[in-house]
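S.K.: Chain by chain, the residues run as shown.
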Amino acid sequence: AQSVAQPEDQVNVAEGNPLTVKCTYSVSGNPYLFWYVQYPNRGLQFLLKYITGDNLVKGSYGFEAEFNKSQTSFHLKKPSALVSDSALYFCAVRDLSNDYKLSFGAGTTVTVRA
Amino acid sequence: DTAVSQTPKYLVTQMGNDKSIKCEQNLGHDTMYWYKQDSKKFLKIMFSYNNKELIINETVPNRFSPKSPDKAHLNLHINSLELGDSAVYFCASSQGVNVGTSSLFFGEGSRLTVL
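Taken in order, these protein sequences are the chains called C and H. The opening position of the first sequence corresponds to residue 1274 in the numbering used here, with each subsequent residue numbered one higher. The opening position of the second sequence corresponds to residue 110 in the numbering used here, with each subsequent residue numbered one higher.
If you're looking for bench data, these hints aren't it; they were derived computationally from the structure. Everything numeric in this text was worked out from a predicted model, so none of it was measured. It is possible that some hints are incorrect.
Claimed, not checked - Computed list of lysine-lysine pairs in PhoX-like fashion (alpha-carbon distance at most 25 Å, straight line):
| id | chain 1 | residue 1 | chain 2 | residue 2 |
| --- | --- | --- | --- | --- |
| 1 | H | 149 | C | 1374 |
| 2 | H | 153 | C | 1295 |
| 3 | H | 161 | C | 1331 |
| 4 | H | 180 | H | 131 |
| 5 | H | 161 | C | 1295 |
| 6 | H | 145 | C | 1322 |
| 7 | H | 150 | C | 1295 |
| 8 | C | 1374 | H | 131 |
| 9 | C | 1322 | H | 153 |
| 10 | C | 1295 | H | 149 |
| 11 | C | 1374 | H | 180 |
| 12 | C | 1322 | H | 150 |
| 13 | H | 180 | C | 1350 |
| 14 | C | 1374 | H | 176 |
| 15 | H | 150 | C | 1350 |
| 16 | H | 145 | H | 128 |
| 17 | H | 145 | C | 1374 |
| 18 | C | 1331 | C | 1342 |
| 19 | C | 1350 | H | 128 |
| 20 | C | 1295 | H | 145 |
Just chain C, with the same shape it has in the complex (with noise of 0.2 Å):
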């Protein structure tokens, strides 16, 4: 089955500094990779996707994310952070058994502190 994984809850950063939120990824085959962030009381905004082609994807907000094959990483990346960057992010992937499916990750709540 395809799936990803955040093994952070949490990532507590101060403003100004890089914040990273970490997705690793199980699945059979080239994987369709998502990120999506969830602002408080707020639905979820898509931020970038990475399917094929540079492994260095660029998103909404000044957000990138690396698509890396040998650590089955997609790690989401932001080289300052700001106090409105406190959010969930949720990692997803596209199920290879259905075009129609994305699956979540459980999520990292960011807290950037000013």
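We have chain C; now place chain H onto it with these hints.
M.R.: Frame of chain C, contents of chain H only:
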């Protein structure tokens, strides 16, 4: 204008009652979804419709019945509510069914509390 709107935003009800949550999208998308987010924030797909046709039906109790009167609307009716149904229910939409090429747009959620 809200792209994906759900009503009601909050719903508190007693066990055994029947309730509905409505969803509308004005993005012109042809695919809509219902997701359930539990108290631990875990997100799981329940149903998906493409052009009013059911394409995903996960292992969900048959007390849950989705209905799509047209491709802009997807409603969720829940019969005989149980305590375990308490969750936040998210509606989402996308253009096309292939999630590899179509991003999901989510509503703000409907928080259901069953007492």
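S.K.: For the pair supplied as a hint, residue 1374/C and residue 131/H, is the alpha-carbon distance within the 25 Å limit?
M.R.: holds, 22 Å
S.K.: Could you grab the alpha-carbon distance between residue 1350/C and residue 128/H and see if it respects the 25 Å cut-off?
M.R.: violated, 41 Å
S.K.: Given the proposed pairing of residue 145/H with residue 128/H, does the C-alpha separation stay at or below 25 Å?
M.R.: holds, 15 Å
S.K.: Going straight from one Cα to the other, do residue 1374/C and residue 176/H come out at no more than 25 Å?
M.R.: holds, 19 Å
S.K.: Measure nothing beyond the straight line between the CA atoms of residue 145/H and residue 1322/C; if it is 25 Å or shorter, mark the hint as holding.
M.R.: holds, 22 Å
S.K.: Given the hint that residue 180/H pairs with residue 1350/C, does the C-alpha gap stay at or below 25 Å?
M.R.: Between residue 180/H and residue 1350/C the Cα gap is close to 36 Å, so the pair fails against 25 Å, i.e. violated.
S.K.: Would the hint linking residue 1374/C and residue 180/H be met if the CA-CA limit is 25 Å?
M.R.: holds, 18 Å
S.K.: Assess, step by step, whether the Cα of residue 1322/C is no farther than 25 Å from the Cα of residue 150/H, and give holds or violated.
M.R.: Distance of about 21 Å is within 25 Å: holds.
S.K.: Under the criterion that the straight-line Cα-Cα distance not exceed 25 Å, is the pair residue 149/H, residue 1374/C satisfied?
M.R.: With a Cα-Cα distance of about 21 Å, the restraint between residue 149/H and residue 1374/C holds, given a limit of 25 Å.
S.K.: Take the C-alpha atoms of residue 150/H and residue 1350/C, compute the straight-line distance between them, and say whether it is at most 25 Å.
M.R.: holds, 22 Å
S.K.: Measure nothing beyond the straight line between the CA atoms of residue 145/H and residue 1374/C; if it is 25 Å or shorter, mark the hint as holding.
M.R.: Satisfied, since the Cα-Cα distance of roughly 14 Å is no more than 25 Å.
S.K.: Residue 1331/C and residue 1342/C: Cα distance at most 25 Å?
M.R.: Status holds; Cα separation ~17 Å.
Consistency note: the structure conflicts with the earlier hints numbered 3, 5, 13 and 19.
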